[in-house]
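Residue numbers (our numbering), protein chains in the order written: chain A, 47 to 413; chain B, 6 to 515; chain C, 2 to 375.
Please keep in mind that the hints were generated in silico from the structure rather than gathered at the bench. Please note: incorrect hints may appear among the correct ones.
As the list claims (entries may be wrong) - Rough simulated footprint, nothing fancy, chain A against chain B, three-plus residues with beta-carbon under 8 Å: (1) 288-302; (2) 446-457; (3) 472-482.
Owing to the predicted nature of the structure, the values given are computational and were not obtained by experimental measurement. Just so it is clear, CB atoms sit at the ideal spot from N, CA and C, and this is done for glycine as well.
Here are the chains, one letter per residue:
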Amino acid sequence: MSRRPVIGAGQLFCYLLLSRVVLTLTYSINFNAHTIGPTDWLAALLLPPFLLALALPAFVLRRRSGPVSVCEYAFSLSKPLGRAVSLLYGAGFFLLTVLPVSRFSFFVTSTLQPEKSPLFFPLLLLLPACYAVCRGLEAIFRLSALLSVVCLLSLLAIVAVLLPRFDSLNILSPFYEPRGALGLSLLLLLSNSLEVFVVLMLPGAVRGGVKKAYLGYALVAPLFLFLIFYTVLAVLGPYSALQMFPFYTAAGVAKVGELRNLSAVAAAVWILGVFAKSSLSLLLCRRCLLPLTPKAARPFLLPALGAAATACAAWNSATMAENKLNFSMPLMLGVVGVYLIALPLLLAALGKRKENRHRETPAVPAR
Amino acid sequence: MNAVTFLRQFFHTARQQQYADPQKPPEPLSKNLQENITRVKEAYGNSDDLTVRELTVQNRRFACLALDNMVSKDDLNKMLLEKLTAAPRLPTDAEECFSFIERSLSTAPEQQRAETVDELPTLLASGFALLLLDGCAVALALGVQHFPARGVEAPRNEEMERAAHEAFVEVLRLNVALLRRRMKTPALRVENLTVGGRSKTAAAICYLQGSASPKVVDFVRRRLQRIEIDAVLESGYLQPFLESRPLSLFPTVGATERPDAACAKLCEGRVAVLVDGTPFCLIAPTLFCEHFQSMDDYTLHPAFATFVRLLKYFSFFMAIVFPGLYVAIGENNPEIFPTAVFFKLVDAEVTTPFSLMWEALMIHTIYEIMREAGLRLPQSVGHAVSIVGALVIGESAVSAGLIGAPMIIVVAVTALSSYVIPTLYYPVAILRFAMILVGGIAGLFGVILLFSLVLLEIASLEFCSIPIFAPFLPFDRTAMRDAVVRAGWPTLARHTARVQALHGAGEEDR
Amino acid sequence: MKRLLCLLVSAALTACLTACGGAPPLKERLIVEGIAVDEAAEGEEEGFALTVQAYAPSSENTTHNRYQLFRATGKTVYEALRTIDQNTGRESFFADTQVILFSAAVLERGLWPNLDFFMRSSEMGNNVCLAMTKGKAADLLTVEGQGDRMPAGVLADMLHYGKSKVERFSGEMMTVGARLTVPYADLTLPLLAVERQGEGRRAVLAGVTCFIDDRPAFVLNGQMTWAYNWIRGYADERAFVLPFRGELCALRFQRIQAAIESAVEEGRPRFTLRLKAGCNVSETAAFQAVTLENLPEFETALAKKMEQTVEQTLQTVFLQQHCDVFDLGRSLIQQHPAYFQTLSSWRQTIPLCTVQCEAEVSVKRAGQLDVNRR
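In isolation and in its complexed conformation, chain A is listed as follows (with noise of 0.2 Å):
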C-alpha cells in the first residue's frame, strides 16, 4: 500500500549534517582554489548565522506556498511558470548529483587508484544510487541516518587518534591574514551550503518540522566544519598546501595500534556520503522532471538520468585538473543566488500578487 512518504525532522537533520560534513572532509584545492588557511576555521565558527540567513527565502516562500514542494507550488501559479521552474530546479538537482561523484571519482583516481577509468566510480556510484532511487525517499532519509552516525562518529575518532599529533605552532592567528581572506572563506562555504535545496523540495514530506531540522543543522555543521579544518591545520601545518587532499592526508597519518593510517576510514566516509547525497539528489532530480515528461517515457526517465550523470560525471572527473571553471566558487555562488534566493523570492512575490489579485476580484455570482 501506499502513502506520502514521512520523514522525521531528526533524519533530515542527520543528513544535512552529513550532506555538508563530507563536502567539507573531501576539501581539495582544486575544487575550491583555496588552501586551507587560519581564516576557514573561524569562518566555519561564524556560519551559523549565514546559513539562517541563506534559508530564509526559502522560508519565507514555504510560509506563502505552504506545505508542498517549490515545483508544485510554481506550478499551481501556472503551468508555463512550474514547467520552467521543474526544468531549473531538476537541472539543479542534476549538478548536485554529478558534483559529488565527479569529486569522489577525480580523488580515487588520482590519489588510490590511478589505473582504473574515469567511468568506473561514476558506475560504481550511480547503479546503486539509482536502486536507492526505486527504493523511495523514505529508504533513502533512513540509511542517511545511520550513515551519519556512522561517519561522524569516524570522523571524531579521526580527530582522536590525531589528537597527539596536534601542533599548537601550526595554529596562526586568523586576525593578521590579508584583508578579505575571513570574506573569502565565508563565500566560500556559503556556495559550497547547498542543503537548502532539499528543504525547498520537501517541506511536506517532513514531520516534526523542516525548520526544527535545518536550525539543527545550522549550529551543529559549522562545529564539525571547524573541527575539520582545525585538525587539518594543526596537523599538517603548512604541509596542508602541498596536499590535494589534506584531511586524507591527515587521516593516512593517523595510527592506532597495528593500523598504519586510518586513511581508508576516510575514504569510506567519503563514499558513503556521496551514496547518501547522489541517491537523494537524483531522487529530486526525476520528481522535478517527471511533470515534464510524457507518460509513455517516465519508465525510462530514471536510467536516461542515471546514465546522462555517470557520462557527466566522468567527463568531469576527467577534465577536473583542466577545466578551472569546474564547480569554481564563482559559479557555485551563482547557483546559490539563483536557486537559493532569487527564484524562491521570485515564486513568493508572484504567489502574493496572484492572492491580492483573488481579492481584488469581485466574486461573480453563481447563476
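Could you slot chains B and C onto chain A? The hints should help.
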C-alpha cells in the same frame, strides 16, 4: 459464551476457499441415502480407504462414512453407533430423527452439520465421521479424529538453554492448544480458514484482540483468502503471499517452531498463522532485530543477554562482509594490513595460481556444497562429509598450493558466524558471494557500497506500513531497550511493546 | 522499467568484469621496503644512483633471503625507479616503504629535487622515515636484519623507537615537507652510520643534521643534541653526566617541559626558553657528593648546566649559523604575527635576536638516598 458456541466458533469454517469454479453453486445433499453414498464414492474415485458402514435401525437406513485410519473407531462406536443401535425409539420423521440424534443421542464433543456434497470430502479428510440418514438432506459430522501424528517434542531448529522444550507439531488443533495453554486469555482469537484448492489445508489466523492491529489482521486475512494455489503442504508456501516484497532477500514474515516464541510475539501485536501439516508457525510482521533475539535472552542476566546479542550482530556483519573485505583489501588495498600480516598474506598467496577473488568463490562454493550434502545425507554417512571437508579442503588444498591458508581461516570464521543467526542464513549466503565478487572487482568501495545497499534494502521493507528495520530506522528510543541491549525485566515490563506503535509505523498515536 | 534497470546492471557488471583494468596482484609486484639515494658514481651517467631493498614474492623466495637489492641509475629518481621496474619485470609497490635514505653528497644538491617523486607518489605514506647517511646510503641497506625483519625495517624501528623519535628529529616526510615550504623554520634529519660489530654490521644514530633551506649545513654534536632535545621537550633516555663537587654524577631525565616565550623589544625579538625538568639520579650508584642536605644545590647546579648548554647551542646554531631548527621563528609568528609580517626575511632578522634560557629542575628519585626523601 457457553462451550457449544465456543466449539462452534473453534471449528467454524465459514471462510472456505472454493478452488473449483467459483461460479458453480454448491451441490446440496439428496434425501436419498444411496445417491449421497454414490456421490461421495464418486468424489473419491472409489478409493479403498473410504469406509462406508450401512446399517438399518428401526427400519431407518443409516450410513456411516469415514476414511480409514483417520477416525477413532472406538470413539465412533461409543459416541454414536452403540447408542444408535440401542436407541429405544427414533422419531419417524427423518428430519426429527436427525435432530434427535444430533442433540440427544450423539455424545461426540464436536459435531457439525453439512448440507452440501462439496463439504463432505473436507470433513472426511479432517478426520470427521459422517452420518447420513435416508430421507434427510443433511449429514452429521462427528469429530472423532484419530490420525497418526507426532507427539510434542523438543524443537530441532530453535534449541534453547532455559526456555521450554516444546515445539509445534503437524496437527493444527494441537498447535492451537499449545498456544491456548500459554495464553489463557480469551482475547486470543483463532480464525480458521482453508487454503489450497486441492489440498484444502486447514489454517488458522491467531492474534490477541486488543493487542494486534486490526489493519494487520485484516491484511493477513485478505491475503490468505486470495491465495490461489493447488496444495499447501507447508507454511512456507503461504509466506511469499504475505510478504510485501516476495523477491527481497530479507523476510518480513518469519517462522518459528516454538509455541512460547509465538505467544511472545502475539503479545507484541503480531499475527500468527498456523497451517495443518507443518510444525512451523508464521509470524507477521517479523522485524529485522528479531532475528537476533531468542527466548533465552529473556531468561538470562541482561548483561549476558546483551553481550550475546552484540555478538550476533557482529557475527551477522562478519558473515556477510568478512570474505569480501578480505578479498577487497588483499587485492586492492593491501597497505591497510599491518606489515607482519601483509607479508603473511603475500607469502600465502604467492604459490596459489588463482586470484583472491576466485579462491574465495571456489572455497565458499565447496563449503556450501558440503553444507547441503551434510543436511541431506543420512546420519550414518554424515561423518564422511566432515572428514572430506577437513582433510580434502582444509589440508590438501592448502598443501597443494591451490588455496592460501588465510583463506581457509576466513571461510571457517565466516561459516561459524553465519550459523549464529540461522534464520538469516540464506540471505547471508547469497550476499556473501555478492560481496566477494564486488570486493574483487571494485575493492573496498564496492564492499562498502554493497553493504549500504543491503542496509537500504532492509530500511525500505515494510509490512502494513510497519518498518521492518525499526527500532533502528526509524529510530525509536523506547523500543531500543529490547533491540541491541536487553533491558532488565522491570524496565521491559513498564512499557507494553506493540509492533504497530513503533516510530514510522503510522499508528503510534494508539 | 525494472527489466531495463536489470539489463543496465548486467551490462555494467559485464563491463566491469571484462575490462576496467586494475593494478597487478601483489604477488607480481616488487614490494619496496627501503630506498637509498646516492650520487651516480664516476663513469656513470650523471644523476642519481638508486638502491632499492625489496621483496619480490616468488615460490623460490624463502625467508632468509627474503629481500633483494636492486640498483639502477637515472637522471631523476623516477627514471631510476622505472629502470628497476623494467629490469625486474615487476611494478614497484611503495605502500609498505619504511625508510628513504639520502647520502650527504646527494643532499648537497638540495632536498626538494630528491623528495619530489616521493611526495607525489600516491602509494607512499606521509609518515615514511627520511634520514641522511654518513657515506653511501646504499651501505645502510646492507646492515643485518633481525629475523624476518629486513634492514630497512630495522632502521625504521630504530628511528621510531622511544617517544616519537622520528618526529623529534622531524624525519617524517610530512614534517620535512611542512618545514621545506615555510621560510621561518629549518628542518633536521637523523644522521645514520654503519658500525662494525665483530663480524656483523649494524646501523647507529650518529647525530642530527641541521639544514638551512633545503641543504645540510652541519651536524649537532653531543652537547648540542642534549640542548636540541630539551628545547623540543623530549626527555632523552641516555644518562646525563653532571660534574658536582668533584664527582661525576649520572642522572636520567624523566620529563621535560619546554615553552618558548617571545617578545619584541625595540624592534628586536627576544626569546626566553623556559625549561622544567624532572630527573632521577642513578638508582644503582650512590654518589658521595650527593646527599639529602645538598640536593637543592644539586638541582640548582643541574639547572645552571642546562641553561648554559642551551644558550651555547642557541648561540652556535641559531645566532651564528642562522639555522632555526628550534621553532623560534614559528613561535614568533604565532605570538607576534603583526611584527613578523613587517619582516622582509626571517633569516636576516636572526642576528638581531637575543636568547636566554631559564631552567627549573626537580629530582624525583635520588637513588640510594630516596629512603628519607621528601
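(request) Provide an ascending list of the numbers of those earlier hints which the structure does not satisfy. (result) 1
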